[in-house]
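One line per chain: the protein sequences are D and F, in this order. Note that the numbering used here gives residue 884 to position 883 of the first sequence, counting from 1, and the numbers run on in steps of one. Note that the numbering used here gives residue 241 to position 230 of the second sequence, counting from 1, and the numbers run on in steps of one.
A portion of the hints provided could be inaccurate.
[Claimed, not checked] Here are the simulated DSSO-like cross-link-like pairs (lysine-lysine), alpha carbons at most 30 Å apart as the crow flies:
| no. | chain 1 | residue 1 | chain 2 | residue 2 |
| --- | --- | --- | --- | --- |
| 1 | F | Lys114 | D | Lys133 |
| 2 | F | Lys94 | D | Lys869 |
| 3 | F | Lys161 | D | Lys48 |
| 4 | D | Lys295 | D | Lys344 |
| 5 | F | Lys244 | F | Lys161 |
| 6 | D | Lys111 | F | Lys59 |
| 7 | D | Lys431 | F | Lys305 |
| 8 | D | Lys48 | F | Lys174 |
| 9 | F | Lys111 | D | Lys48 |
Bear in mind the hints are in silico, worked out from the structure with no lab data behind them.
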Amino acid sequence: MNAIDRRAFLAAATASALVTNLKYAAAQDAGKPAQAYRRFEDLYRNKWTWDRVSRGTHGTNCAGTCAFNVFIKNGVVWREEQQAMYDGHADSDTPDYGPRGCQKGLRHAKYMYGKQRILYPMKRVGKRGEGKWERVTWDQAAREIADKFLDVSAESGPQAISWGSGTQMSVKVASYSALARFANISGVTVPEFYSGVGDLPTGVYMTVGQVYLGDVMASVYKSKCVLVWMANPAVTRIPDAHFFWEAKYNGTDVIAISPEFTPTAMHSSMWVNPKPGTDTALAMSMVHTILEDKTYNAPYIKEQTDMPFLVRKDTGRFLLGTDMSIVGKLAVDENVFYIWDQKTNKVVQAPGTGMAEKPMNRERRKYESIALGNLDPALEGTWKVDTLDGEIEVTTVFEILKKHAAEHSPEKTQSITGVHPSVVKNVARKFAAAKPGMIYSGYASCKWLNGDMLQRAMMMLLALTGSTGQEGGGIQFANAPKAGGMLAFAFADVGPATRIVSATTWDYDHGKMKDLNEQVYGKELAERCDAKYKESVREAYFPKYHEKGWRMGFFMGNNGANWRASGKKWREDAFEKLEMIVALAPDMGVTPFYADYVLPIAHHYERADIMFQSRTPYIQILDSAVPPLGEAVDDWDAIYIISKAISARAKERNIKSFFDDVDGRSVHRDPQRYHDLYTMDGRIRSVRDVIQFIINTTPGVPKMSFAEMAKKGIVRVDDSDIAAWNGDNSPYHNDVFRCVRDKRPYETLTGRQQYYVDHPWFLEDGEQLPSHRAPMRIPGYPMQFMMGHARHGIHSMWRDDHLLLQLQRGEPDIYINPKDAAARGVEDGDLVRVFSPLGEFFVNAHLSNGIQPNMLFMYHGWDPMMFKNRQNFGAVITTAGLIKPTSVAGDYGHLGYRVLAFAPNQTYKDFTCDFELAERRNQSAKT
Amino acid sequence: MPRQVAMVIDLNKCIGCQACTAACKSLWSDEPGQEYMLWNNVETRPGKGYPRNWEQHGGGWKDSAHLREGKLHDPVDYGIASKLNHQAVYFDGTEQQLHKEEKMLWGPNWDEDSSSGEYPNNYHFYVPRLCNHCTKPSCMEACPVRAIYKREQDGVVLIDQDKCQGFRECNKACPYDKIYYNYVTKKSNKCIFCFPRVEQGVAPACARQCPGRLRFVGFLDDADGPIDKLVNKWKVALPLHPEYGTQPNVYYIPPILPPTYNEDGTISDKARIPMEYLEYLFGPAVHHALETVKAEMEHRKESGQSELMDLLIAKDWKSLFKIPDVKFS
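If we strip away everything but chain D, and leave its shape as in the complex, we get:
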């Protein structure tokens, strides 16, 4: 096992002590200065030795996929070091990817042996959260869990069982496929956490009908101006951050935009510091500057966007085929849009529009074209057009945008953003001059109630400059693998029968979030959110969840009780109401701690899997360096054991098969067969077989055996010659590139990058174009609470590593501007109480001049167990019930519920709180 040949072994820049001494002698022979041999030096030479090397990584949702060599000495993992062999790829005009890794990864060999590890199955004997356990066998645990599973499934249907996965396992593709397969077989509910954690870029989706926009990190080096906006890669993308500074050295303007002076701002060419929650105003001011300067790319926006499309001045709605002729009306030509052709001075149907089918019909769209041919659409002007309603005035989206942008001139937005007009213009001009320009954006915008409009404005900046669809340009979120291996595995022999729910709306229904909205934001807002959401469900834009709740919850590598936005409330109203909680995890944390059964899961170096993340052009494997500690098993095996117990108990109890209604389809489910289906009747024997299935069936993955891949550790994926995912044969989505490159319609209602949304709800809220909305403030609470991904953890993982804590303050801390602290008598290191109308938590005050006054900044992910009263920020975050009406809109081309593409985000930001001194703590540090 793990036999890496001698050449590869040396190639990994490693060598044994024996080799060391021989080579050292040889060096002396070669005429170098003769050295006195000091025996003591062997103490250190002997320390740098090991027995075996294995390839691995940390299968967490940091999207790092860093290649590590794992060194095994005396049967345990001693340490790890980056493999760093990323050379030999084609894009030599960018810096390479070596050595990839961070301090968390480099702590893992120590952390995996830490006291937080769950070593054997445990059953709760005290009250939940009391920490009283009975050690049980896997058999006993599985049997008892299976019985409850069968009871709930029979009484309430399998939808009453939720099986969530989290960042410990969901990016381990084979493990996640195992869960997806079991969920597909059994009908348990899989909560969808893309929007559930407030990460879904719905504004990007509104614009291009896609959310998977993102290239490899080297693309940053190809940009000429990159706005790092709503992101902090120096902290959150440690293995990739170098590309930004290398780009800067290469002449790229790297412009960080953030209220606080982030470590990213530190190294940027320029730092722009708007007030929290005012970014859309800033973006629209930049749009205004580009329009005023006429530096926009007219041919691009005429072809690729809806900006030349005609809009009725009387209704504010697009001029449609149904407006123009009775034939169109009969044919329901609602997808026929028009432009004003300057060559013929006539209204002409826009190319690539007029498809009778839903715009999402991808196959159809592959063959349509948006090429303008001889047409020259007007961007500006007003015309009179004969319609079924008589003669009406029409104008273009561009014309409307110009007027709209004028309301956001830099001079007008200064009082909102605090950014001087000269700074706005400076940035806008740099961006417009750069070919191409990039916006590197994290998920922070998705966590604001109106963040969708910021994303729409960002996309607009990129469209005006012709940057989207260019290598080194466009918006950078994470791309995702095309549906391939994972779904193929989940559905094989069974067909698709998976039940996925939006965690945001489920939480809204079952976490009593309407009450929360009313308590915090008042009756009017609460009623409005609720009415629109209910209307959406009534109109069947979105599925309904409110009738049946969950009775049983599985949490697989998922610390769900930690991260829910209004966590305290969710724990009380949803989590603790579950009749049975089963946690499957390698490490303890608040979720397993409050569970009824805790099942031990293998850690990253104790298991095999495969990972691919779009940030690099490589596939990364995990191989088992050592057997799992204690009685831990990998996720495949855990489900194997549980499904086996379910089928065995179903047979013993003579539980019959049943028909299950999944989104209107009738699915036959037979608990007695779950286990056989899970293993494909014994053909899949272990996670290694799953991995091989994934390799064989995933597009863009070089075909080879897992054993061969494990020897290498990393493998370059297909079609990754340039720094953008624009090819058709890579594992990642390239739809937007295809639209630009091949002039294909976008998957939007208009078939274009759509900046004007004339859905009635958007018109009602004045959101047909992106506009600034004041951030939500709670009267009497002056501090805007801002959060971000942490430097010293991946979500809640590694947060309790003693060395990483040593390098911080040994406990959770919150960053505060010294002026705000002084006003409350707080000094650096004191314990403060942070409070909002929802609750309170206690945390170490970390004073920093990099924090804007009137805001607090805290890294997310700290486990509630590390706080007094076991309450973290989830005790004060008031926003979990804020469901934005436009994000549940539907019956409008691409708008309407679409799993992992269009669903309301759980809102995490957009609230205020306050703080006060709780305990003077740190006198001795002040010397």
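Given chain D, put chain F in place with the hints provided.
Quick look at chain F alone, frame taken from chain D:
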């Protein structure tokens, strides 16, 4: 001729991630008695550093022949290292809150992102520190039992663990406070520049494992290597506190932070980091170094050319390291 291995650290690329610290710790200082010690640390500057206020504890050379007096630190200055009460909270149910067994009142990077100056013209940056493997090591001079020596072949300064008797004179004499007392072996420990790796052509762990790609390693006298180019040719890499007189062999490319703002919110031409502070850290040569880096950045932007920028970009990661016998593929 004795040779000297050296390191250049580009502070414009350091993101304070502590990967170097973690890499070093796992490899060399993970044994009982070593808990608190970080042969490599990263501290936020301005800040009190690790150990706390190390710059105020003396050491180094008073003049070319005499040592300047130094003093030992209180253990608290390093930050008390302890594990967490996982067992009591999670498995015994005897304690409520998960925390370090000993509360930290100070730590190796207590000032992480604390930032100086006033928002929005505040400033801070990260400074990784390790033993400087000085050309004129004051620790070696101070050792009463001559346990400290400097290797001929690479200039690495080592404490012979067989000879060391734990007098801690070296600890006082090092002006950078980079020598640590091992409470179990009762001997002094310090960074060994990963000499077993360097002997194999493998860069030190802190350098090879730095994801920021900001540490260059090579021999000072190698005209084809990156060290000579950055230190001697371009003169952009400078030792920390040259006035301590020990002639360090770890060099830093000084930081350039983004522009500041005037009162009215317009962009100012005043540098974010006060020059006096940079001069305090790197001496008067910092002016020339900063001007050179800025001029070459400008030159690159305009012309696409610059040897210095090519060096600092280091497209090929392996180009950071030039050690004889280096093996990568």
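These are the hints, each one checked on the structure:
1. For the suggested pair Lys114(F) and Lys133(D), the alpha carbons sit about 26 Å apart, so the restraint of at most 30 Å is met.
2. Among the hinted pairs, Lys94(F) with Lys869(D) is consistent with the structure: their alpha-carbon atoms are about 18 Å apart, no more than 30 Å.
3. In summary, the hint linking Lys161(F) to Lys48(D) is supported, as the alpha carbons are separated by about 21 Å, within the 30 Å threshold.
4. Restraint check for Lys295(D) and Lys344(D): satisfied, since their Cα atoms lie roughly 22 Å apart, inside the 30 Å limit.
5. With a CA separation close to 26 Å, the supplied pair Lys244(F) and Lys161(F) stays within the 30 Å bound.
6. Pair hint Lys111(D) plus Lys59(F) holds up; C-alpha atoms about 29 Å apart against a cutoff of 30 Å.
7. Straight-line distance between C-alpha atoms of Lys431(D) and Lys305(F) comes to about 19 Å, which keeps the hinted pair within the 30 Å bound.
8. Straight-line distance between C-alpha atoms of Lys48(D) and Lys174(F) comes to about 19 Å, which keeps the hinted pair within the 30 Å bound.
9. For the suggested pair Lys111(F) and Lys48(D), the alpha carbons sit about 29 Å apart, so the restraint of at most 30 Å is met.
Violated hints for the displayed structure: none, as all numbered hints are satisfied.
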